[in-house]
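In case it helps, the numbering used here puts the sequence shown at residues 11 to 433.
By construction, these hints were calculated from the structure, which means they are not laboratory data.
None of these values were measured; they are calculated from a predicted model.
Careful: at least some of the hints might be erroneous.
[To be verified] Using 25 Å as the maximum straight-line C-alpha spacing, the simulated BS3-like pairs for lysine-lysine come out as follows:
no., residue 1, residue 2
1, K240, K405
2, K405, K94
3, K397, K240
4, K107, K94
5, K240, K94
6, K245, K405
7, K94, K340
8, K94, K335
[What the hints assert, rightly or not] Derived Cβ-Cβ restraints for the label pairs, each shown as a range:
no., residue 1, residue 2, range
9, Q293, F143, 18 to 28 Å
10, I168, R106, 28 to 38 Å
11, Y205, L347, 42 to 52 Å
12, L348, F143, 15 to 25 Å
13, V175, I62, 20 to 30 Å
14, I118, M148, 22 to 32 Å
15, F121, K405, 26 to 36 Å
16, V373, W409, 17 to 27 Å
All residues carry an ideal CB built from backbone N, CA and C; glycine is no exception.
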Amino acid sequence: MPCLFTIERRGELKPFSTQKRNLLSVLGPAWIVMMADVDAPSIITAGESGAIYGYHLVFILLILIVPLFFIQEAAGRIAVNTGKGLAEIIREQYSRKIAIVASLPMFITDFLSYTAEYAGVAVAMQMFGIPPFISLPMVFVFHALLVFTGSYSRTERILLLVTAVLLSSYIIDLFLTGVNVQKLLLYGLNPVQPYADPSFGFMVAANVGAVIMPWMLFYQAGAAVQKGLKQVDIKLERYETLLGAIASEVLMISIVIVSSSMGSVNFLSSKSLAEALIPLAGQYAYLLYAIGLGAASFLALVVISLASTWGIAEAFGWRRRIGEKFTLAKNFYIVYLLETFPALFIPLIYKNLVQLMLNLMVVFVFVTIVPAVLLGLISSNQRIMGKNSLKSYWKTFYWVSVLTVIITGVLTALSMLLKIWIV
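Construct the complete structure from the given sequences, taking the supplied hints into account.
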């Protein structure tokens, strides 16, 4: 069997672009970002969706596989074809100001994401009797060491292990709690849903925001560049993106189904989770939920932080390769270290983050608009992409996906404003 990699300095693995490849050889960027998509805010969104509307949002989550795949595939396609991150290619093709406009709103809103991820870790560790003032500093240190003390390939291997823990935890939880097949067929797979209900529409928009977030575009592109993927890997990267999109939404659906029998609980309260899960499926389901929440939160903390830092570094033209000496890429390392630090303290002060996170999911819909539009323009540009530019039918699917996300966010925002105005 031919060797798929060469060893370069600092232990980085670089693929031979001329040799035969398989899916495992490119596995990493798309799969990790899709698993990180099921983070603490997404778990809250899916949990609230199931607790309030039962199986009704399963159909929406299945449909969301389509825009998730097409939008993320474009991010991977650009990076693999050009060897450049999203903000870097935007800076080169447009300007530094445009690149900053595309990445800075993500950088700002990600602060709330970090707060949610730290809160998710704190809750998960509390379920095992570890208080937040111990667990949160530990997580911050681990999050820093993961990038400061290794290469991209080592960081990726650790994150892949975390995705395995996340996936297995919630799938086993679903098996323990069970699926009501009759409700799944009558409600979950039924396209007719109460779309006119503003509250239901808000949950739809929250799930759209939970499934497509701006940092995902920057991470997949940046990680593909760090991994050294080449044009020959475009098809395999596409398969990985599709596999990850399906797995991500299956995880969301499993959380919706598990939470559909819980009633209205606070999904960032360990006591409420304990009271809801133990009568349903026993102590093991409770512990698995805690493990899944902790794995999801830590994975997302690292991935979002890397995506945000890569985006800013690319926009400003800084060096940003994981494994480089601190003196060569000090701006990258400093931003990565400091950007999550303030969010570390908020879960220690402010306990109820559920509604804040649901609102954040809707905000993400709007923050995604600028990078998603630029992503579509670049991936369709034959001068940049050559033979790998989006073809007419693929381009149609992409822009329909983006418009669906935008329209959902706008209509939901208008309905919520109307509801507030009437009240």
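State the violated hints by number, sorted upward, taking the hints as numbered earlier in the document.
none
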